[in-house]
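> Below are the chains, spelled out letter by letter.
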Amino acid sequence: MKKIFGGPAIFLDRADINTDEIIPAKYLTEVTKEALKPYCLEDLKLEGFDPQGERLKNARVIISRENFGCGSSREHAPWVFEVNDIHTVIAESYARIFRQNMFNCGMLAIELPKADIDTLIALEKESNGEVEVEVSVQEQKVVARGNGREESFNFDISPFDKALVNAGGWVEFADARY
Amino acid sequence: MGQTTAEKIFSAHLRDEPFPGTKVLDLDRVLCHEITTPVAIADLEWRGKDRVFDNVKIKAVIDHVTPSKDSKTALQAKMLRDWARRHDIKDFFDIGHNGVCHALFPEKGYIRPGFTAIMGDSHTCTHGAFGAFAAGVGTTDLEVGILKGVCAFREPKTIRVNLNGSLQSGVYAKDVILFVIGQLGVNGATDRVIEFHGPVVEAMSMDARMTLCNMAIEAGGTCGICQPDMVTVDYLWPFIEGEFASKEAALEDYSQWCADADADYDKVLDFDVNALEPHVTYGYKPDCVKPVAEMAGTKIDQVYIGTCTNGRIEDLRQAAAVLKGRKVSDTLRGIVSPATPKIFQEALAEGLIQIFMDAGFCVTNPTCGACLGMSNGILAEGEACASTSNRNFNGRMGKGGMVHLMSPSTAAATAITGVITDARVLK
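These protein sequences, in sequence, are chains A and B.
Each residue of the first sequence is one higher than the last, beginning at 19 in the numbering used here.
Each residue of the second sequence is one higher than the last, beginning at 2 in the numbering used here.
Bound conformation, chain B alone (with noise of 0.2 angstroms):
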């Protein structure tokens, strides 16, 4: 019987079975924010273990407030940065450096295929776009991380889906994973890996699949991984160019860590998305979603571009598409965060962050912000946000405040109209 993604990494890396079912993997990245971090830090100085154990393999980041709002976000930043320097962590990205992790890291060259990587932060099944296994998880887990370079996972089962057919012009990868979200449901894929296959997949850009496997956790999946290939090759090939003699060689031996052909899987799912439409979220869960135009119409307060799932440069190319030459509606506002530094100073360069500013975007640096109702956007009681992130849940981006969760190019249309919009339908 062959493996799947997930089993290959597993038995890659499995550094002790304490238990039945219980596997213990050798991690090759440990990610670290400033929010979920400091508890850690304190923790291991107050049993007196502030070691780490590997300051190349531990990256660390301050993105979720940036910077920092008030004296408490502040020590947050501190003790991460403090903790930093004392370990001489090789890799610590700060003010003027600094992005959104899940679009930073990868863009470093970080995640490479076959790689296990943890973070105290849900959306890590992010970096499983690179063929990687990359688990969110809580603090104590990040700390045993960080300390001790492993942590336990149940051998996770793995649901396939394949994408069939291809994408019109117009829906783009946040549809695909808004309407597999709807199918599978908050609670379908928990426990397991979503693998994605497919030509719809095949297709799609590392940004694109970034935004996919970004959402695996909001159907409860451990992570969402891609099968490594030319466009994976690519991607990674600035950093990657000294350790292969071609990019063949290169995808040949990221190959080892595609699925075989006979794997077992927990579930097989084939979707057809020839006919799908642009999707967007109503209610409290992210698999409450619907077509765009059944939701046509509906009033908008704010709209937000930006963050882990949709803030990449492809996404604000999509959006600056749509809002070149017009201008945001004088009944909401609109606000748009390039993910990291790079990002921004490519749109920049590409007149898209002027398209932004012409349209009556403000433009922020990179920062989670809003996403999470930090920072940069925190809604008021009663108002409603379409916004590129990946949760609606009650209160997520402000008490009171509703979330509709959509694709940057829908999210640019309603900015226009300041009701949610399908951008193809825009005169």
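Looking at chain A on its own, in the form it has when it is part of the complex (with noise of 0.2 angstroms):
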């Protein structure tokens, strides 16, 4: 099924944010993706942040730094998300793992340059948080607003990733396919 992508933004400004932090090993055990629904970023180290929060609770998109998803293969991560309603992710870059598993459940994971995250986080801190975010696959173009002005950034996307959002995943993909 093909998502809904964009939507109010949360900024998780930091590196290296991992998928244990995203999703501790101890919820694992859950054999659903409904039943991980409460414990998104549980146990995310960032100051500031509240996994319990309004802010998180409202978001459909997140804005991060570097080498997003780092660590366990878990696809639990990207589960996490989508049954928060996050379906897309921005970051400066991805952990390999991560960054299939989201395209492989037919969502975004975006890259932007540095320089572009920095102007997402300026114009977070200068709207106090509330900053809204439409993306285009098709254009390949995301639009950021708040405080009364905007800022849009192109980005790229492989063939194959297109083709897996549209699809709306890999199982559909290869199983068409192979």
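None of these hints come from the bench; they were simulated from the model.
All C-beta atoms, glycine included, are put in the ideal place defined by N, C-alpha and C.
In silico lysine-lysine, DSS-like type, Cα no more than 30 angstroms apart, as pairs:
#, chain 1, residue 1, chain 2, residue 2
1, B, K73, A, K75
2, A, K51, B, K70
3, A, K21, A, K44
Not close to chain A: a few residues of chain B, all C-beta gaps over 12 angstroms, as computed:
#, residue
4, E278
5, E295
6, L427
Using the supplied hints, reconstruct the complex from the two chains, each of which is provided in its own coordinate frame.
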């Protein structure tokens, strides 16, 4: 099923956020994605961040720094985002497995250069955290709005990743082709 | 232009290139455990596609939490067990026969030079020690692997790491890989394969090579790869002697997977390890490493020896050599988990288990357990663990706990003194 992208953003201004922080291993005993829902980013080490807070609850987009999703291969990390209606992550770079898992689920792991992330974080500061992100996969474009102004960025996406997003994920794509 | 080992394996396994830069490979092994596979099984059932592409190439084990600790983990084990029976998975390992996947599958001879393998587990990179391309994947990749026997990759570039010189006595593969990760950084090998070369690797046993490759992912690497040689052949010989007329013939065949002399590398790094000291991590990322001497005296509450990094027989021998005739400090507790039943039995036969127990260690069955904070040795808030595992992330072994990664030898010395200790300076 094709996903909806964009919406209110939450900023996690730290590099190397790992999948143990996104969903601690003790919850990997669940066998449904829905059961993961309350535990999103529970062990994130980031000053001022509240995993139970309104900001995360309302977020539909995560914006972060380098090497997002490093560590364990657990797809529970994209899943815990998925069941919380967060279908878009925008970061400077990703760990390979996390990035692939996002696209395999038909979700977006958008890569933007550091300067663009810096601009987004500046926008967050001046708009007191209230930033709304619009994403067009077709145009490969992100528009962020806050404090009455907007910033827009183009992003690269490989034809394969785009095909996965359009197909709704890797199982759909592979099943039709192999 | 020549090819790296990974490039050769990619060429030989290429099924499809649906888009430029995306390579869909045929898989020789799809490895499964009870944490990441049940959701794939449930999804296949939901889609009406509860099938497997090959009941021999797929291998499965219950290893992360075994014996099950509660109803949820019992359900995960049951889902994998029922699925393995339903599809007649030929090699399925349950209680009594099960062990940590990245120790068990190599030990059974399932990984050969030139193979492709995936598993829903990031430390699948371990199997590259055999000259294979083995990558950790998520559950969706695993699901497609189970159903179709393929997996898509961007063809990775390769970083060549030359390990020159020779290791001092008391310095091990774990110290080497911690040092290399410190140099590369946790992001230094992302979307890259790390190919290990040089006299240090050539002198290493398969156990040590697996330790080396196991932590490639901690630098972001897709796979760590060692070149197949006579050490590889000797290890595999009981499983392959029917396939080759002689070990030399096996070596000649396997050598086709060695990187060409004129292969094109993303980067070539040379490290002289002659002066390398035992290393240990601090902080919450595996690239936060220091010589043990600089961390000496740090108070520790628990020592954990085992895991897919350092739970093999050589690791237990190294730890036992330090522990022999000594006692665990009464300020901490020691836990050792031999990684497979075979390793456990060897350790019993060699008297190592006796040494651990005499020293005051708790000996647990083979399981991933405490390494990822699931069972058998979870930390309390504020506690520190000296561990032979591979990750020191915040909360990894229990919320609010600190993990210091180190070799089995350093962990054993630490168990005796109660503080981080270089085994070479123990009186």
